[in-house]
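The two chains are supplied separately, each in an independent frame; assemble them into the complex guided by the hints.
Sequences listed follow chains A and B, in order.
If you count the first sequence from 1, position 91 lands on 91 in our numbering, and the numbers rise without skipping.
Counting from 1 along the second sequence, just add 405 to a position and that's the residue number in our numbering.
Quick caveat, the hints were computed from the structure, so don't treat them as lab data.
No residue lacks a Cβ here, since even glycine has one placed at the ideal position from N, Cα and C.
Incorrect hints may appear among the rest.
Listing some non-contacts, in silico: residues in chain A with all C-beta distances to chain B over 12 Å [to be verified]:
| hint | residue |
| --- | --- |
| 1 | Tyr45 |
| 2 | Gly114 |
| 3 | Ala122 |
| 4 | Gly132 |
| 5 | Pro147 |
| 6 | Ile169 |
| 7 | His209 |
| 8 | Val217 |
| 9 | Ala219 |
| 10 | His286 |
| 11 | Ala296 |
| 12 | Val323 |
| 13 | Gln335 |
| 14 | Pro368 |
Looking from chain B toward chain A, a few residues come up when the C-beta cut is under 8 Å (computed) [to be verified]:
| hint | residue |
| --- | --- |
| 15 | Glu658 |
| 16 | Ile661 |
| 17 | Ala779 |
| 18 | Leu783 |
Cβ-Cβ distance ranges computed for the label pairs, FRET-style [as the list claims (entries may be wrong)]:
| hint | chain 1 | residue 1 | chain 2 | residue 2 | range |
| --- | --- | --- | --- | --- | --- |
| 19 | A | Lys110 | B | Asp664 | 27 to 33 Å |
| 20 | A | Arg144 | B | Asp664 | 51 to 57 Å |
| 21 | A | Thr367 | B | Asp664 | 32 to 38 Å |
| 22 | A | Lys159 | B | Asp699 | 49 to 55 Å |
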Amino acid sequence: MESRSEKAASHAAAQAEHARAPSLSSSLRTMEFRIEKAAFLQGLYFAQGIADRKATMPILANVLLRTEGADSLTVAATDLNLTVTSEIPCEVTGDGGLTVAARHLHDIIKSLPGDRLTLRRADNNYAEISAGKVNYKVVGLPDRDFPKLPNHREVTFHKVDAAPLRDLINKTFFSISTDETRAHLNGVLFECDGAGDKAVARMVSTDGHRLSKCERVLANGPKLQPGVLIPRRGLIELRRALEGTSHIEIGVHSGNLFLRTGPTVLTVRLTDAQFPPYDQVIPRDHQRQAKVSHVALLDALKRISLVASEKTYGLRLSLSKGVLRIESDNPDLGQGREELDVVYGGSDFAIGFNAKYLIELLTEIDTPEVLLDLNGELDPGVLRPADSQDKPGNMYLGVIMPMRL
Amino acid sequence: MSKPVRRILHIDMDAFYASVEQRDRPALRGQPVVVGGRHRGVVAAASYEARRFGIRSAMPMTRALRLCPSLEVVPPDFSKYKAVSAEVFALFQEVTDLVEPLSLDEAYLDVSENRWGEALGVQVARRIKDEIRARTGLTASAGVAPNKFLAKIASGYRKPDGLTVIAPERMEPFLQGLDVDALWGVGPVTAEKLRAAGIRKLIDIRHADRGLLRNLVGSFADTLWALSLGIDDRPVEPHRQRKSVGNETTFPEDLIDLDRLKQEARTMAEDGAAWLQSHGQAARTVTLKVRYQDFQTITRSHTSAASDSVSELAERAVLLLLRSEAGTRPVRLLGISLSGLCSREETALPASSDAASAVTGQAPEPVSRTEDSAQLVLPFDPALLRPSGRRASESGPRHRAS
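Next comes chain B alone, as it looks inside the complex (with noise of 0.2 Å):
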């Protein structure tokens, strides 16, 4: 380790949706609030003090107002969130342009060197935090260590408000005290997978046979050990490359009517792949979640050859609904999401054409996206063939008779 210690910031905003809500609405503060939709929602973000009755974010509202029946539920306002969170990156900018952002309220920040010329990374999350309350009002919890993992782990060791320090002597002692599950990408299934194989503390994958771990975790397992020595080399990515994009929908009602899904799954597809074509970007997987009545949750994907084709992803995503039992069972959540993202340029190589294509059984090759665009639209008034919502002729005859 030849390389200079770096100094990485990981600030994480302490329940940024329901912070800002309550900050705007002096009458919800000291109360417990959500931002989330009250009907089937699910919390998008929950404040400290509905927390406290046990609510997470991510959680279904029904649940949380069960929790707590007193509980404010706030509907979002991204366009808000978004505002404010520009303001937060605006000041990280002025610290380092080597700013990564997590989401509206989360990033990485390398201050190894910084406009500031603060020597320790203390100090600039400090200041940062400062600032942040100063221009925002909102507070912040920050983590401050050599590298990314550990800074984020920090960042989430004191909330609200906190400052962690791992320092590089100090980094030891505080790997040893790790659970396995501290990691992110170590949710509840791997980290039951390792604690059957014996695997509780961080340190101790140190320890375990590279070959089980393996077979558990798969190519997981090379980060993994290098996490439990406290390696993570992975660089502070100000561009790094959006990976998927996707969508989700929980439906007011469940629904069974599969020609519905079908153009539900199509819209988010065609949302996605709208996306992709605006950033000249083209995805090669397709991945589809439902999630039933009964909260099972499945995901099928196909991947092939990559595509920004609006109507090949949205085909696909309606073959791979036909391999779920969506139409026989009730469905309450519905989710399309396009990864394994290149340059549109990319497509156009025959690369991994010939992986094509379990569900559909032929190449979704890009001569088929010229073919489907083939087919010509009769030539009514466009607006006449969209999708149908209050018609502006409402008030005029119905139709004209010929």
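Chain A extracted, bound-state conformation (with noise of 0.2 Å):
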């Protein structure tokens, strides 16, 4: 019931916007513009990634269509957290803006014959779209009530590589926090120190049970100090951005987050809140470590996570001298077990741990060896990339708490 009155009212502001439609249209030429198709493709394929068909706004499922000039188009979509916009270069032969379905105007545009087409706005927001003998009228809503989009022009932009930012959000996005009710930690805090061409930007995430840290150089990285709180959704995006390309510029302003790569502008609204003081929990020495095979832990700790119980992921790993032995109890399932051949010459000892805590890591640590440092069996374990001699720029390491056995 509710839903059906909200569309009488939205429609009753359509009938609004026609009425007053006439005298706009008197004094100003009304929206139309000829463009490529393959790059208006481009913008609306970002839009439509970002645009929110299920928000309780309708207009944040469309994407806005605004002239800028003679030869310049805005496509934005927003989903009020995330923004996309990109200019595209077209012929405008009337200024104005417009706002249609973002997945129905994808969907049209993707289908239409030939390089260019031609998007007219019609009497009562209707896009007019015509490409050789296809004509199409769609239904839009007025631009004028589209959110205001985030100015970008005030944004100091950085220009970066693209890997190890990549390199640094998958280091760290596994360790997220899911839990929705702690919003300080359904980021990952992104730090960078901002010395010029040997700057070092940092990626630090915890759910609370694990923590990952990793240090990259990225040159001419922004200043962040404090850091900012980027959330999933938006390292999500990011990520995507990053897709099939080299460099990216970043900023911070106004607590957003812009990247720009080439005519698209992706800004992400960043999270006010608090990370934890994350140093307070790593571990700054160990009594004892291994020196373990990366491909031999990480295929032995799936092979034996098969028996392990499937809500806790339970392990028992136990050191002795040159061996470690990973083995799973499962009164459900039975048992597995597994020895294999590290570097250890400390005492014996035991200790549990998540399976998948474990294998989430190792499989975005990348060189061959591997250590653990261990302390006390209820202290946190700290498993890192054997070459990481904690350098600034190289620094990887993955926290993660023990379970009691």
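Next comes the structure, spelled out in structure tokens:
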């Protein structure tokens, strides 16, 4: 019932807009542009990924089309937390704007024949699309109801390599908390010292049971001290934006992270919360250390976790001279055990870990050998690449809390 | 029936929450008043003025406001109602120890013997009503009968400020007049089923085929049959065990986000489990209730070995949620209740652990509880890992750079 009355209200609004339209269009030409299909489609592709079809505000499902000057079109979509805008060259024959269902418009443009098309705003917020002998008339909403776009004109952009950013995200993404009541853990902390071409960037995430911390050289990276909290959803879009590009421009301004690749700017609203002081949970030293083959450890964990409890993935890791034994004893399924040759000279020791935590971390490590640093059986363990000397710009580690055996 | 005739009272405060508000705010007197959340809430209580507009408790607030646009909507103040309720129950305790609370505003009393030394139930009821009025300024309706079910029907017979007595010799004519849905436990659905089988009056049950009756209402058939004869031997139980613990919420906006709904379900189950733990109880059954945007309401439940494990009950609640259409259909209301309660000691028995789990495919035995809590937490300051609200350090630096 409510949604029907909402619809009626928006319909009434559209009628009102229509009633006002003639006086506007008599002084101004109505929006019209000719555009290359491929470029337009690219902008619509980004937009339909962000446009929120389930939003309570119907206009958020729409893409904004607005002419800029005589030769550019802004294509934008937002879910209020993420915004994507693309500036696409076109031939403007009438100024103005309009919004159209993003997914719908993307599919229509994709299906059109030929390389170019014309789009025109007709009465009552219809978008008239023509290409060759094909004509569409698509329902739209007035552009002035669209949320204000974040202004990226005042942002200082820093052009950085895409690869280290991609690496930082991948190496921390998996340990982000999925508990939505803890917004301060629903993203990664992104810090950067801004030291010119030697700048070091850092990402840290934790879900309370484990923590990942990674540092990479990010030449020309912006100074972000204190760091910023990039929410999970923003990281997914950021990762997408980093696909297939060697460079990206980044900047932080008024609580937003801006990312520019070519004609497209992605804006991520940063989480306004305090990330916990992570350094206090990273052990400074260790009583025992084992050096293990990365591949052998990962394979053994995957094998033995097949008989681990599906709920806790609990495994027992026992160290004795030169040997790491990984075993699972699950009353519901049975037992499994594997022994690995390791470099270890300490006393006999056993500790429990969630296999999933170890596996997810190992999957992101890319050195032939890994180090497992341990203290007591109830103290956090650290797993890291064996070649990591903890030097800035080449640092990666995961802190994992054990399970009680 | 060699047993002496009992004198059972059912006392029901009239439009309790609304009356308390009208008592405390004279401007509300004589006005249609409801207590409840204005935005998407339901009516928790409606004053008699409001009821004249057709407003009933449990009605969605939007509908109530449509029925009566000038309705006064007062947000509930449960601490106040609890305080008033405590006064009323203290009075009951002065009369007899046999007081069975049904809610804040409703109770059964067995006054066959009472400290006031009154021989007649009706006298006790009259004095209680007077005392309630004197002490709280509120009115109550009372029913007096030889058993609980008739006492309850009697108290609802004339409201507000009513007093109805069903003396043993007037029981039969009274029963003759009752429709079948006058019974507690016979809702619209059961009533419709019975009516379809030609059972309209309570007394029709006496002559109905018992097999047919059992097909219609299951094990409730025997109870119904006894009630139709006016037989109800249930004692007034002062310390009646709570049968379930639960919680439900109507969201400010319909939710489609499955993760968010999972979290809500988890939190409700955790709250229930916390209650269980603080009362030394465990629950066998987890029941999920989901009301979709179009008001279609479904329930899903799962019974397994009794547990008071916060994580296990939360996990079971989430699994039930996944068996609903949450995440694909907007959800208006979500509820989780834990039932099949037993004392925690019983959970150690392997009694029903083999009956485990259609949901998880594995037995949530006590061992999984220890396994679950076996995962240790990073040694942050615990406050930092808590669900976010406004954090204390908002004025400080966003975080300390290392």
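Please check whether the beta-carbon of Tyr45 (chain A) is more than 12 Å away from every beta-carbon in chain B.
holds (24 Å)
Chain A contact restraint for Ile661 (chain B) - C-beta distance below 8 Å:
Holds, because the Cβ-Cβ distance from Ile661 (chain B) to chain A comes to roughly 5 Å (cut-off 8 Å).
Range agreement (Cβ of Asp699 (chain B) with Cβ of Lys159 (chain A), hint 49 to 55 Å):
holds (51 Å)
Is the claim that Ala122 (chain A) lies outside the interface with chain B correct, judged by CB distances over 12 Å?
holds (33 Å)
Is the nearest CB of chain B more than 12 Å from the CB of Ile169 (chain A)?
holds (19 Å)
Could you check if Glu658 (chain B) really has its C-beta closer than 8 Å to a C-beta on chain A?
Status holds, d = 6 Å.
If we take the beta carbon of His286 (chain A), is the closest beta carbon in chain B still more than 12 Å away?
holds (15 Å)
Was Val217 (chain A) rightly flagged as not at the interface, with every chain B Cβ beyond 12 Å?
The claim stands: Val217 (chain A) keeps its Cβ more than 12 Å from every Cβ of chain B (closest is about 17 Å).
So the hint says 51 to 57 Å: do the beta-carbon atoms of Arg144 (chain A) and Asp664 (chain B) match that?
violated (34 Å)
Under 8 Å is the threshold here; is the Cβ of Leu783 (chain B) close enough to any Cβ of chain A for the hint to stand?
holds (5 Å)
Does the claim that Ala296 (chain A) lies outside the interface with chain B hold up, using a Cβ gap greater than 12 Å?
About 25 Å separates Ala296 (chain A) from the closest Cβ of chain B, which puts it past 12 Å; holds.
Is it the case that Val323 (chain A) keeps its Cβ farther than 12 Å from each residue Cβ in chain B?
holds (24 Å)
Checked against the numbered hints above, the structure breaks hints 7, 20 and satisfies the rest.
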